[in-house]
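Novice: Chain A is already provided as a structure; the job is to place chain B on it using the hints.
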Amino acid sequence: MKKKSTLLGDIISHVFLIITTIVAVFPLVWIFISSVKGKGELTSEPTRFWPKILTLDYFEHVINDLNFIVNIKNSLFISLITTVIAITISAMAAYGIVRFFPKLGSIMSKLLVTTYIFPPILLAIPYSIAMAKVGLTNTTSGLIIVYLSFSVPYAVWLLVGFFQTVPIEIEEAAKIDGANKFTIFFKIVLPLVAPGIVATAIYTFINAWNEFLYALILVNDTSKMTVAVALRSLNGAEILDWGDMMAASVLVVLPSVLFFCFIQNKITSGLSEGSVK
Amino acid sequence: MYYRQHNYTRWIFVLPALLVVSVLFIYPFLSSIFYSFTNKNLIMPNYSFVGFANYQAVLADPNFWMSFFNSLKWTVLSLVGQVLMGFFLALALNRVKRFKWLYKILLIIPWAFPTIVIAFSWQWILNGVYGYLPNMLVELGLMDIAPNFLSDRTWAFICLVFINIWFGAPMIMVNVLSALQTVPADQYEAAKIDGASAWQIFRYITLPHIKLVVGLLVVLRTIWVFNNFDIIYLITGGGPANATMTLPIYAYDMGWGSKLLGRSSAVTVLLFIFLLTICFIYFAIINRWEKESK
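As you go down the protein sequences, you meet chains A and B in turn. In terms of my numbering, the first sequence opens at residue 1 and continues consecutively. In terms of my numbering, the second sequence opens at residue 1 and continues consecutively.
These aren't lab readings, by the way, just hints derived from the structure by calculation. From the three backbone atoms N, C-alpha and C, an ideal C-beta is built for every residue, glycine too. Watch out, some of these pointers could steer you wrong.
Listed next, the stretches of chain A that the computed footprint assigns to chain B, with coverage defined by at least 3 CB atoms under 8 Å from CB atoms of chain B [said to hold, decoys possible]:
no.	segment
1	21 to 29
2	34 to 47
3	136 to 149
4	207 to 213
Just chain A, with the same shape it has in the complex (with noise of 0.2 Å):
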C-alpha cells in the first residue's frame, strides 16, 4: 500500500514539474525560434513551430543598422562598474557587520530590509531632480550612482550570510601571528568567501543589466541608452518588426539566463542562511 502511494506521488510530482517546466521556457524558446526564421513566417504561420528557413538576417540588422552595440556597451559598462563599486562596498559592510558589530549587525540588516520598502518611483523623483541640478542626466555616472541604491543593500544581505560561514579560529590565528585588520580581510577571509563573492558579484551585475524604470527616466539621449530602454525606444517605431525584437530580445536575454543558471544555488543560500536565522 505504501509503496504505491510514494509511486502515485512521485508520477503527479513529475507530470506537474513537466507541465510547468514547458510553460516556464516556452517564452524563451519561442524567442530563439522566432528570432531565426525567415521573413514572412512569423506572420504566414502563426503557430508552426520549426523554421522552414533558417536566417540571421534580424540579427544582422538589430546589430548593425540600429546601433544596438552602443547600446549593449553601454549596459556592459553601467553594469560591470556598478558591480565593482557596489561589491567593494558591500564586502567590506558585510564583514565589518560580522566581525566587529556583532550586535548592532542585527540592527543594520534590518536597516538594510528597510531600504527594501523604498518605492523606487518614490526615489525616482528627487533623482531626476537632483540628476539634473548636479549635470548628471543623460551620463552614464549618473545611472551608476543610482543603481547603487538597489545593488548596495541586497549584495550586503547576500554577503553577510558567505561570511558567516567563515570560521573566527583562522583570523584569530592570522591575528597572533601579527597581521593586521586589513591584511586579514583581504589576504585570509577574502579568498576564503570568494565563491560567494563572485555569485553576488554576477547577481548585482544581472540586476544592474536588466534595471528599467531609472534608465528611462534619466537616461533620453539615445547613445546613451541602456539597451532595455533602447529597445522600449524602438518598440513601437516603424523600422522594427516583430524578428528584429525578438533577435534584439535574444541578445539581451542570453547572459542573464546563463549566468543566473550558474549562480542560482549560491544567491538562495544566502537568503535562506543569512538573513533568517
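Specialist: Showing chain B alone in chain A's frame:
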C-alpha cells in the same frame, strides 16, 4: 576580546556602505516629502509651497483610488499565485530524484528575464494577429477567432498577473526548496515510525521549519510586487482604458506625463506609507513566530 581592540578602524569597513545607503535613501526620501508639499513641475524651474493641496487633489481623484485597488488586486493575486506555485514546485522537486537538476535549472529561467524581454516575448506570444497562443486556440477549435488578450480589459489584467506568477514563482520555489533541505531527516523518520500521516508530517515538522523563510519571502515579494513598475508599464502601459493602472504607473504618469512632480511625489509618499503599514503588520507576525520557535 577580538572585537574590542581597534575601536575606530572597524568603522572604516561599514562606513562607505552606510554613507551610500543614507545618501541614496534618506536624502531622496526627505526631498520627496518636501516636494509633495510644493507645486514642483517638470518643466518650470520655480515652485512654491502649497501645503496639503497635492494630497487633497490626489485623494479626490477617482483614478488614484482605481489605481490603488488595481494595485491591491495585482499584488494579492500575483502573490497568492507565486507562493502557491513556488511552494508546490518546491515540494515536487524535493520529492523527485530523477531529472531534479534539469527541472531546477529550466524552472528558474523566467527569473533571469530582463523585463523588456518579458514584455517582448509575451506580447509576441499573446499578439492578437500573429501570436502563438491566440492562433493555437483557434487551431485547436477552442475559439472561433483569435482573441486579442492584451486589448481586453479583463484579459489584460489576467495576463499580467499570469506573467507575474510565471516570473516570480521560481524565486519562491528556490528559496522554499533550500529551506526544506534544512529540515532534519531524523524527524521525518521518527514521525513515520510513529505512523504520522503525510498531512501531519507537513503540518508539524515541515511547516514550522520553513515558516520563517516563507514569511520573510512573502514580505519581500509583497513590497516588490506592489512597487513593480516595469512589467505593467512595458506590457500594457496601464491600459487598455486604465484597466491595468497601478499606483507606480499612476505616479509615473502624473510626474512625467502630466509634468506634475509635486503631485506625483504626494502619490509616492502615500504609496510608501501604505507599504510601511503593511510591513509593520507582517513583522509583528514574524516576530511572534520567532518568539514561539525559541
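Novice: Determine for every hint whether it applies to the structure shown.
Specialist: Structure-based check of all given hints:
1. Only residues whose C-beta sits within less than 8 Å of a C-beta in chain B count toward coverage, and the segment 21 to 29 of chain A has 7 of them, enough to reach three; the restraint holds.
2. Evaluation of the coverage hint for the segment 34 to 47 of chain A: fulfilled, as 5 residues show C-beta separations to chain B shorter than 8 Å, against a requirement of three.
3. For the segment 136 to 149 of chain A, the stated coverage by chain B is satisfied: 4 residues place a CB nearer than 8 Å to a CB of that chain, which reaches the threshold of 3.
4. Counting residues of the segment 207 to 213 of chain A whose beta-carbon sits less than 8 Å from any beta-carbon of chain B gives 4, enough to reach three: the coverage restraint holds.
This entry satisfies every hint, going by the numbered hints stated previously.
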